[in-house]
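These protein sequence lines map, in sequence, to chains A and B. Quick note on numbering that gives the first Met the number 0: the first sequence kicks off at 0 and runs consecutively. Quick note on numbering that gives the first Met the number 0: the second sequence kicks off at 0 and runs consecutively.
If you are wondering where the hints come from, they were derived from the structure by calculation, not from laboratory data. Cβ coordinates follow ideal geometry from the N, Cα and C atoms, glycine included. A hint or two may mislead.
[Stated by the list, open to error] Ranges of calculated distance between the beta carbons of each label pair, as one might list FRET restraints: (1) B:E20 x A:T33: 51 to 59 Å; (2) A:A73 x B:P168: 39 to 47 Å; (3) A:V130 x B:P64: 54 to 62 Å; (4) A:A73 x B:G170: 38 to 46 Å; (5) B:N86 x A:T33: 42 to 50 Å; (6) B:E68 x A:A49: 31 to 39 Å; (7) A:A26 x B:E67: 41 to 49 Å; (8) B:K61 x A:A49: 33 to 41 Å; (9) A:D59 x B:S174: 37 to 45 Å; (10) A:A25 x B:G155: 18 to 26 Å; (11) A:D59 x B:N86: 23 to 31 Å; (12) A:T33 x B:K61: 45 to 53 Å; (13) A:S9 x B:G155: 17 to 25 Å.
[Said to hold, decoys possible] In silico SDA-like cross-links for lysine to any residue, where the CA-CA straight-line distance does not exceed 20 Å: (14) B:K16 x B:W75; (15) B:K85 x B:L42; (16) A:K36 x B:A111; (17) A:K36 x B:A185; (18) A:K36 x B:L186; (19) B:K16 x A:A71; (20) B:K16 x B:G69; (21) A:K254 x A:W266; (22) B:K16 x A:R69; (23) B:K16 x A:A66; (24) B:K173 x A:R16; (25) B:K61 x A:L70; (26) B:K61 x A:A73; (27) B:K173 x A:E13; (28) B:K173 x A:S9; (29) B:K173 x A:L10; (30) B:K16 x A:A73; (31) B:K173 x B:A78; (32) B:K61 x A:R67; (33) B:K173 x A:C4; (34) B:K61 x A:A71; (35) B:K61 x A:L65.
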Amino acid sequence: MPELCQEIESLAPEIIRGHVLDGPHAAHVESCATCAKVVQGAAALGRDLASVEAPEPTEDLVARTLARVRLADALAATPKPAGEIVPQRPRRRTTAELLETWALPGPAPRVAAPEGRAFLRLTIQAAAALVIVAASVFFTLEFYPAYVSALEERNVHGCQEHLEAIENAIIRYVKEHPDAVAAPEPLQGLALRDALVKGGYAREEDFLCPSVRGARPGANCYLLRLPPRGSPVVVSDHLGNHGGSALNVVREGSKPELLEGDRLWAWLAEGRK
Amino acid sequence: MQPSVETSDEALLARVKAGDEAALEVLVERFRRPLFGYLHRMLGNAAEAEDVFQETFLRVVKHLPRFEEGRRVKPWVYAIASNLVKNVYRSRKYREKTSIDQEGAEGEPLSASLAALAQTPSELASESERAVAVRDAIDRLSPVSRDALVLFYFQGLAYEEIAQALEVPLGTVKSRIHNALAKLAALLRPTLETRTEAEHA
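Given only the sequences and the hints, what does the whole structure look like? Please build it.
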């Protein structure tokens, strides 16, 4: 679009408002049919808008406006009466104040002397603190052992799953390496763990007992050894993983179990035979 | 001393600030027709327009201490009035069909609308019919478009003054006015065409 056409388009609102083009703009409109139509249309729209009469306000609008302004000023300047009762929100009572009312039977105590009131408040606060401490101790004693027991039970169960995984790994390893059991020094401990992990028979985390805090991948929490030829695979915890007198064990052909007391000693004696 | 008619709005407001009530009267009288006209066109009825007119001057007096020296009075008064109009719209739960974001998406450009309007022989419609058609078309504009158009055409404010009154950038004012005029021309064209055809028939 030529520059003058653009200028005339941008001047259209002014033309509608009554602006008359002159100079190069007027000369351009003479020769440009498009711009001539734009100017003609703008003039027509201007005439249309001019046909809308301006609404006339009432004569007393000014007087009424000033009266309203004066009234607002007067209201703003009027001082509040001295004796005016200003509604106040009730003061929030403190916990100690509420306890004073609730803790004692009958109507709320009326202690006039400030010293007496302070002593009463202190006494009630101390009693409240004592109740909170007692409740904490009670709940701790009641529920903590159960919590610890549930946690350990979960750990024992997790440990048994690891033992089964290791047992299966050793069975597969022995099957695929029959000479390993006949070696002069059969693999055991960390060497066996490494062989099982590297061979893809077991995972690193299978060798971590959930009850042993701080055990990291790479460690071994179990007693591992290849069984003598013809003997079943046996894998067990280290003594102490689940407390002083309990041991998780698994024997090939049976389920893992947690041995304690006499059963543990019997199992150990059987192993010595 | 009575303020003369030639005293500027700014000088009058300074006197009002100093407590000259006569100056306030002159100022209110000076705005009586134009501001009422603006409010009537925006709100569509005289009672609400008068109420908002009075409220506008209540706010002018209330906010006098905040009026910055060097600022133009006319855009400030219209800014107050425009905000009050918006409050009325809100209280009416007025829904703007065309938001500011949608501006520019109103159809053909102003030059095209005007060129098309030029081909319509609007002279054939009677003066009163034309006025009714134009008033209807203005009422059908969105509030933001109508606001800009009324301030520009009927109140005769400059672009900069409208920008101050509506508290929007200058470019927004120009585009709002262009859109309003283009839409108005487009709205008027079929009305006038229909009427012309009816007269021919």
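Status of each hint after checking the structure:
no. : hint                       : result
1   : B:E20 x A:T33: 51 to 59 Å  : holds, 56 Å
2   : A:A73 x B:P168: 39 to 47 Å : holds, 41 Å
3   : A:V130 x B:P64: 54 to 62 Å : holds, 59 Å
4   : A:A73 x B:G170: 38 to 46 Å : holds, 45 Å
5   : B:N86 x A:T33: 42 to 50 Å  : holds, 44 Å
6   : B:E68 x A:A49: 31 to 39 Å  : holds, 37 Å
7   : A:A26 x B:E67: 41 to 49 Å  : holds, 45 Å
8   : B:K61 x A:A49: 33 to 41 Å  : holds, 36 Å
9   : A:D59 x B:S174: 37 to 45 Å : holds, 40 Å
10  : A:A25 x B:G155: 18 to 26 Å : holds, 23 Å
11  : A:D59 x B:N86: 23 to 31 Å  : holds, 25 Å
12  : A:T33 x B:K61: 45 to 53 Å  : holds, 52 Å
13  : A:S9 x B:G155: 17 to 25 Å  : holds, 19 Å
14  : B:K16 x B:W75              : holds, 15 Å
15  : B:K85 x B:L42              : holds, 10 Å
16  : A:K36 x B:A111             : holds, 9 Å
17  : A:K36 x B:A185             : holds, 15 Å
18  : A:K36 x B:L186             : holds, 18 Å
19  : B:K16 x A:A71              : holds, 16 Å
20  : B:K16 x B:G69              : holds, 14 Å
21  : A:K254 x A:W266            : holds, 14 Å
22  : B:K16 x A:R69              : holds, 14 Å
23  : B:K16 x A:A66              : holds, 18 Å
24  : B:K173 x A:R16             : holds, 14 Å
25  : B:K61 x A:L70              : holds, 12 Å
26  : B:K61 x A:A73              : holds, 12 Å
27  : B:K173 x A:E13             : holds, 11 Å
28  : B:K173 x A:S9              : holds, 9 Å
29  : B:K173 x A:L10             : holds, 11 Å
30  : B:K16 x A:A73              : holds, 16 Å
31  : B:K173 x B:A78             : holds, 17 Å
32  : B:K61 x A:R67              : holds, 12 Å
33  : B:K173 x A:C4              : holds, 18 Å
34  : B:K61 x A:A71              : holds, 9 Å
35  : B:K61 x A:L65              : holds, 13 Å
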